[in-house]
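Protein chains: 2
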Amino acid sequence: MAIIVQKYGGTSVGTIDRIKNVAKRIIEQKEKGNDIVVVVSAMGKTTDNLINMANEISDNPSKRELDMLLSTGEQISTSLLSMSLQAYGYQSVSLTGFQAGIKTEGIHTKNKITDIDIKKIKEYLSKGIIVVVAGFQGVNEKGDITTLGRGGSDTSAVALSAKLNCTCEIYTDVDGIYSVDPRLFPNAKKLDAISYQEMMEMSSLGAGVMETRAVEIGCKYNIPIYVASSSKNIKGTYIKEYDKTMEEKMITGLTVSDDILMVTINNVYYTSKNIARIFEKIAEYNVNVDMISQTAPFEGYVNVSFTVPRSDICSIDEIMNELKKEMKEIEVSKDENISKLSVVGIGMMNQSGVAAKVFKLFADNDIEFKQVTTSEISISYTIDSNDKQMAVTILAQELNL
Amino acid sequence: MAIIVQKYGGTSVGTIDRIKNVAKRIIEQKEKGNDIVVVVSAMGKTTDNLINMANEISDNPSKRELDMLLSTGEQISTSLLSMSLQAYGYQSVSLTGFQAGIKTEGIHTKNKITDIDIKKIKEYLSKGIIVVVAGFQGVNEKGDITTLGRGGSDTSAVALSAKLNCTCEIYTDVDGIYSVDPRLFPNAKKLDAISYQEMMEMSSLGAGVMETRAVEIGCKYNIPIYVASSSKNIKGTYIKEYDKTMEEKMITGLTVSDDILMVTINNVYYTSKNIARIFEKIAEYNVNVDMISQTAPFEGYVNVSFTVPRSDICSIDEIMNELKKEMKEIEVSKDENISKLSVVGIGMMNQSGVAAKVFKLFADNDIEFKQVTTSEISISYTIDSNDKQMAVTILAQELNL
Numbered sequence: 001m002a003i004i005v006q007k008y009g010g011t012s013v014g015t016i017d018r019i020k021n022v023a024k025r026i027i028e029q030k031e032k033g034n035d036i037v038v039v040v041s042a043m044g045k046t047t048d049n050l051i052n053m054a055n056e057i058s059d060n061p062s063k064r065e066l067d068m069l070l071s072t073g074e075q076i077s078t079s080l081l082s083m084s085l086q087a088y089g090y091q092s093v094s095l096t097g098f099q100a101g102i103k104t105e106g107i108h109t110k111n112k113i114t115d116i117d118i119k120k121i122k123e124y125l126s127k128g129i130i131v132v133v134a135g136f137q138g139v140n141e142k143g144d145i146t147t148l149g150r151g152g153s154d155t156s157a158v159a160l161s162a163k164l165n166c167t168c169e170i171y172t173d174v175d176g177i178y179s180v181d182p183r184l185f186p187n188a189k190k191l192d193a194i195s196y197q198e199m200m201e202m203s204s205l206g207a208g209v210m211e212t213r214a215v216e217i218g219c220k221y222n223i224p225i226y227v228a229s230s231s232k233n234i235k236g237t238y239i240k241e242y243d244k245t246m247e248e249k250m251i252t253g254l255t256v257s258d259d260i261l262m263v264t265i266n267n268v269y270y271t272s273k274n275i276a277r278i279f280e281k282i283a284e285y286n287v288n289v290d291m292i293s294q295t296a297p298f299e300g301y302v303n304v305s306f307t308v309p310r311s312d313i314c315s316i317d318e319i320m321n322e323l324k325k326e327m328k329e330i331e332v333s334k335d336e337n338i339s340k341l342s343v344v345g346i347g348m349m350n351q352s353g354v355a356a357k358v359f360k361l362f363a364d365n366d367i368e369f370k371q372v373t374t375s376e377i378s379i380s381y382t383i384d385s386n387d388k389q390m391a392v393t394i395l396a397q398e399l400n401l
Numbered sequence: 001m002a003i004i005v006q007k008y009g010g011t012s013v014g015t016i017d018r019i020k021n022v023a024k025r026i027i028e029q030k031e032k033g034n035d036i037v038v039v040v041s042a043m044g045k046t047t048d049n050l051i052n053m054a055n056e057i058s059d060n061p062s063k064r065e066l067d068m069l070l071s072t073g074e075q076i077s078t079s080l081l082s083m084s085l086q087a088y089g090y091q092s093v094s095l096t097g098f099q100a101g102i103k104t105e106g107i108h109t110k111n112k113i114t115d116i117d118i119k120k121i122k123e124y125l126s127k128g129i130i131v132v133v134a135g136f137q138g139v140n141e142k143g144d145i146t147t148l149g150r151g152g153s154d155t156s157a158v159a160l161s162a163k164l165n166c167t168c169e170i171y172t173d174v175d176g177i178y179s180v181d182p183r184l185f186p187n188a189k190k191l192d193a194i195s196y197q198e199m200m201e202m203s204s205l206g207a208g209v210m211e212t213r214a215v216e217i218g219c220k221y222n223i224p225i226y227v228a229s230s231s232k233n234i235k236g237t238y239i240k241e242y243d244k245t246m247e248e249k250m251i252t253g254l255t256v257s258d259d260i261l262m263v264t265i266n267n268v269y270y271t272s273k274n275i276a277r278i279f280e281k282i283a284e285y286n287v288n289v290d291m292i293s294q295t296a297p298f299e300g301y302v303n304v305s306f307t308v309p310r311s312d313i314c315s316i317d318e319i320m321n322e323l324k325k326e327m328k329e330i331e332v333s334k335d336e337n338i339s340k341l342s343v344v345g346i347g348m349m350n351q352s353g354v355a356a357k358v359f360k361l362f363a364d365n366d367i368e369f370k371q372v373t374t375s376e377i378s379i380s381y382t383i384d385s386n387d388k389q390m391a392v393t394i395l396a397q398e399l400n401l
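Respectively, the protein sequence lines represent chains E and B. First residue of the first sequence: 1, per this note's numbering; consecutive thereafter. First residue of the second sequence: 1, per this note's numbering; consecutive thereafter.
Bound-form chain E, shown alone (with noise of 0.2 Å):
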């Protein structure tokens, strides 16, 4: 009897009859013989409604108490699932993330899963019951319940399925793993199967799927996990160890971000300390920086470039306010209408040219870009948002994604 860790995202349990479908599907897995535990989030717009709730009475509630809070949705699905399997004639019983043994520490809102202990879940395993859990959430060492942060639920997912040994599947309101978002290419293809690094690059680029720290634990501890449509028995993608097979393909990936902010400092007297101050104080504001580029230095100035996520707007204009009293002669421009597009493959670590193909594309459509970085396996490049939806046609045409 292999074990198989489920997960159903907050759409796919939005309504009782979604969830009434899902415990379904869940069935006919559990009628192959396998030992079933399902991973749910809240139903659609629960955490929002309770966040809503929240900020009505502060507005800046404590996150221990966010924490107790929206930790009820998971406990709602989690239960009604469970009803609705047993309604159709199966053992289930559901459990909270602390129930289920989901240890984890940091700060609220934010945590992350130290540990797992599957005791209980393996004894009712061994009894038949199909296990639901509570995703999203633990419990930290004073006892206290905590949220795991933004996908959360596939985090919890691939960590009890890292514990348990075992596949975990993914069931979401997309259908797999596309080589580019198919709302900017229509003629995406959808990818049988990408590498761990490959995906975690993507997800990190901003390909909206899975939150990257849920593939860094698949990759930890080699999970492969199959991501597909939960409510379209079609065939999904397989993020697993890179093999041969994938190897022929030099770009796996293209990804697409938007809610990024270009910062411009321009004439800035060139010291390394003074280029090294601006990064500290943005370092002081916890913004993380994205891309940095710098002009050459022209009269003993320079101009300084970098991207930061759009949502630390604020943060920057008091971190140049301040700035500006210690460098008086600097100006600083921002430029919301900025995109960064990357392209990702395992392949390109041992191909070369990748970068000079996507420039010669760029040049001869006319399309300008201000800011690239590499890592191993992708080329990130920022271009001007009008720009974006032809980059990504002719890219993705190009590169046969």
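Zero decoy hints are in this set.
Only pairs whose alpha carbons sit at most 25 Å apart, straight line, appear in this in silico DSS-like list of lysine-lysine:
1. K112/B to K220/B
2. K63/B to K30/E
3. K142/B to K120/E
Just some of the chain E residues that point at chain B, by a computed CB distance under 8 Å:
4. I16
5. I19
6. M53
7. M83
8. Q86
9. A87
Here are a few chain B residues that sit away from chain E, every Cβ distance over 10 Å (derived from the structure):
10. P182
11. N266
12. S375
By construction, these hints were calculated from the structure, which means they are not laboratory data. Remember, it's a predicted structure, so these values are computed and weren't measured experimentally. From the three backbone atoms N, C-alpha and C, an ideal C-beta is built for every residue, glycine too.
Position chain B against the provided structure of chain E, taking the given hints into account.
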């Protein structure tokens, strides 16, 4: 520094604004230098909404899963109340029943508190933190979440007071205990104090203010319970040990219960075995019989009447059908147009004549009673519901309630 346990019911925390009001009331007590433990119920209709979702999934949802589902209601209201206290600048922490150390046993949805480990609560109180505990819930030996059934939050509050050895304040949508339900007798007097015994008798006889169980715990541990309005600042009622100041009153209260059904079995062949058989059969179906009366035997036959909760009407039909197979001659009638009136008073133990006085009042006013039962401190009568209002008015006036 005194510890006070305060309990707020579902109506009192039914909206965000009401939660803020409750927070202000708690702060008033805190400012007087008290350590506060607050017990809250689920917001307004939350529990009903959750039950409706469960019923959409299953006609007969598992009670374990129902407990898992329903316990989220209090978890939501406790975290919101803690946030509100924090927004007003006070330290507060919310705890689930489990986190508060509330241990229970029994069948799901009807658990009983066995013990409370108050270590964590004491620790928070010692730091000046207002502790908000989810009422109505606990955890059993297996680690499953449990609920306490009707009036469970009152029970949580009184049990916490017993463990913390402090006063318990129950804030609710009535402003105290009245000698008679003011909806039936508008001139009813609010009592300053009532003894545990009288309150238990009144609760079990149908006065809806507090569940018998919570009063029982207060009595057992001699914890004064103060019942008052959660919205108005007016004096409520103390439930406490009987003392001499209460002694002068013969009758403390009058309760009325409408949700009863009187069943009459005519033509029962009179043997003690036959009578026993009737009540044996009823017991098999777990139906609680309240008042029983029997006519004198006539030509070897008797008529037997008894009252049961109206909600058991389906069971009664089944029971009577089975009995008819064994005792072919019997004829069964049911009367739903029945009310039970009970006069309650610890003074009745030492003063005779209450029953006589009531009989006379009934006779003078042509009110026919069908059955009478007495306990040490109460006398109950079943009457035709049409006579209810008149009977209440006469008794309340003549007994000075």
